[in-house]
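Protein chains in written order, with the numbering used here: chain V, 3 to 109; chain R, 3 to 430.
Heads up, some of the hints might be wrong.
[What the hints assert, rightly or not] Over the 12 Å line for every Cβ pair with chain V, so calculated as not near, a few chain R residues:
1. Leu110
2. Glu143
3. Gly147
4. Asn149
5. Ala175
6. Asp178
7. Ser228
8. Glu412
[Stated by the list, open to error] Simulated restraints on C-beta separations:
9. R:Ser394 - V:Ala24: 32 to 40 Å
10. V:Ala24 - R:His106: 39 to 47 Å
11. V:Ala24 - R:Val405: 57 to 65 Å
Simulated from the structure, these hints should not be mistaken for lab results. Glycine residues also receive a C-beta, built at the ideal position from the N, C-alpha and C atoms.
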Amino acid sequence: MAKPLRAALAAALLMCLCGAAAADERESTRLTYLAGTCNACHGSSITIPALAGRPAPETAAALRAWRDGSRVNPIMNAVAGGLDDDAIDGLADLFAHAEPIAGEARP
Amino acid sequence: MNLDRRRLLKVAGGAGAGLLAAPTLLRAQIRPKVVIVGGGPAGATVALTLAQAHPDAFEITLVEENELYTTCFGSNMYLAGLRDFESLRHSYSGLADFGIEVIHERALLANRSEKVITLISRTRLDYDRLVVAPGVDLLYEQVPGYNPQAAKLMPHAWKAGPQTRLLRQQLDAVKDGEAVVIVAPPDPYKCPPGPYERASMMAHALKSSGRGGARIVILDAKEKFSKQALFMEGWQALYPGMIEWLPPSVHGGIELVDPVTKTVATDLDLFTGTLVNIIPAQRAGVTAREWDLADPETGWCPVDPETMRSALDEAVFVIGDAAAAGDMPKSAFSANSQARVAAMAIAADLLGAPRIEPFLFNTCWSRIGAEDAVKVGGRYMPKEGKITSVASFVSAPGEDAAVRRRAVGESDDWYRSIVAEMFGPGAA
Chain V
3 MAKPLRAALA
13 AALLMCLCGA
23 AAADERESTR
33 LTYLAGTCNA
43 CHGSSITIPA
53 LAGRPAPETA
63 AALRAWRDGS
73 RVNPIMNAVA
83 GGLDDDAIDG
93 LADLFAHAEP
103 IAGEARP
Chain R
3 MNLDRRRLLK
13 VAGGAGAGLL
23 AAPTLLRAQI
33 RPKVVIVGGG
43 PAGATVALTL
53 AQAHPDAFEI
63 TLVEENELYT
73 TCFGSNMYLA
83 GLRDFESLRH
93 SYSGLADFGI
103 EVIHERALLA
113 NRSEKVITLI
123 SRTRLDYDRL
133 VVAPGVDLLY
143 EQVPGYNPQA
153 AKLMPHAWKA
163 GPQTRLLRQQ
173 LDAVKDGEAV
183 VIVAPPDPYK
193 CPPGPYERAS
203 MMAHALKSSG
213 RGGARIVILD
223 AKEKFSKQAL
233 FMEGWQALYP
243 GMIEWLPPSV
253 HGGIELVDPV
263 TKTVATDLDL
273 FTGTLVNIIP
283 AQRAGVTARE
293 WDLADPETGW
303 CPVDPETMRS
313 ALDEAVFVIG
323 DAAAAGDMPK
333 SAFSANSQAR
343 VAAMAIAADL
353 LGAPRIEPFL
363 FNTCWSRIGA
373 EDAVKVGGRY
383 MPKEGKITSV
393 ASFVSAPGED
403 AAVRRRAVGE
413 SDDWYRSIVA
423 EMFGPGAA
């Protein structure tokens with residue numbers, strides 16, 4: 003009785019772990035993909051602020067302010083409106099750890 | 003003895019190395035093949051995105067006729083003398099650093115059931131996924147009297163390159179008090195605000211060189227156009243009396259154009275210009291049409307809005323101007339955004355990468371004056387089987403000069419960014 007139960011638990015745990023790994027992979031793929039949209043404008047910054055190296059809380063707060071409209075920038079309001087909380091936090095973290103692109107102005 | 007021993011060791015070493023290398027070699031041999039036809043903002047972006055996101059995972063071949071790409075975006079600023087021609091031209095050589103093979107040839111035939119295309123040199127390229135990004139073709143014959151030969155006298159300059167230079171030469175030859183005629187196309191076409199940005203940049207070139215008495219007449223095929231209020235306001239402020247826009251309800255339609263006398267006959271009147279710029283109606287590039295990827299009725303290629311996959315072939319993706327992309331305008335920004343969507347779908351198809359919902363975005367900046375740019379754009383999502391606008395924005399009339407000046411800087415940043423996404427970080 004105990005043995006099959008333990009096996010079932012182990013199997014369930016394994017499924018959980020695999021599920022979590024798949025979710026992680028999905029999320030990291032999604033963030034890399036979304037970051038491409040950011041880089042379409044922020045990739046070579048003089049006027050448009052650079053993102054690489056910017057502290058994550060700063061980027062996340064700005065994206066949330068654009069999403070809820072408390073900060074106004076027509077392009078950023080339209081972009082941020084399409085981002086969920088996980089995307090905002092994930093992108094902020096990703097850019098905080100990104101190497102600045104050569105020749106790019108520092109934030 | 004010694005020599006034999008050394009040779010033996012060498013052979014053994016070689017064999018050993020061979021054994022070790024075998025799995026890699028095996029993997030290399032079974033790398034899925036992605037062939038991309040067309041090296042513009044759509045095709046070049048999908049090549050580089052795949053190569054950067056999945057190093058060495060694909061065998062990527064980009065087929066593009068031209069060795070140097072001349073961006074159509076930014077080319078109106080060259081007319082105005084705000085950019086030099088060389089700054090619009092970019093080499094594909096940086097793509098080799100990412101393992102992308104670039105073949106400068108014309109793709110001729112596709113055998114889609116066998117998944118192989120043939121180039122003009124008879125080189126055959128087989129593929130697991132094919133990306134078709136040929137841009138637009140110009141429907142010369144829809145402007146009576148216009149044809150590729152006539153374009154040598156009355157340029158379209160809607161494909162950047164020699165035509166762009168010809169238009170600039172003709173603009174330079176316009177004297178004060180003379181006329182310029184622009185024939186603007188019906189929807190849909192590449193770069194909706196382009197003809198009006200072009201009129202603005204021509205007026206800037208003329209006025210800033212003591213030719214403010216020249217006149218520009220736009221004979222449009224449409225009753226309204228992109229960012230109309232913004233352009234009209236800017237023309238009034240910066241080039242008063244220089245630019246006149248006539249919709250078909252006023253000119254009554256183009257009857258005939260004559261490249262020898264540089265005359266455009268409409269129902270209303272005859273318009274003669276020192277420079278006549280004819281921008282004809284457009285449809286998907288010939289490659290997409292000859293490969294039966296376009297809807298013969300509309301001339302554009304139907305795609306799945308989730309992935310940019312051709313609605314007619316699951317192994318083919320159509321991105322950029324040639325695609326029927328719902329509410330998205332045909333722009334370099336849209337093409338670049340669609341390329342990322344296609345890259346994700348290709349990685350999901352061939353590598354089992356996760357399928358991600360598309361994030362489609364566009365911004366079109368247009369220059370009205372040297373220090374005055376406006377923008378329009380939005381975010382798009384698949385809805386009810388088509389790419390649908392879910393958020394949009396457009397510059398406001400009467401905006402502060404600082405906002406407009408900043409938009410000039412934004413568009414310059416975007417230019418460098420997209421060029422880096424097409425040709426690699428060194429290109430910008």
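Hint check:
no.	hint	in the structure
1	Leu110	holds, 32 Å
2	Glu143	holds, 36 Å
3	Gly147	holds, 40 Å
4	Asn149	holds, 37 Å
5	Ala175	holds, 35 Å
6	Asp178	holds, 35 Å
7	Ser228	holds, 16 Å
8	Glu412	violated, 5 Å
9	R:Ser394 - V:Ala24: 32 to 40 Å	holds, 35 Å
10	V:Ala24 - R:His106: 39 to 47 Å	holds, 41 Å
11	V:Ala24 - R:Val405: 57 to 65 Å	violated, 45 Å
Figure legend: structure checked against the earlier numbered hints; hints not met, in rising order: 8 and 11.
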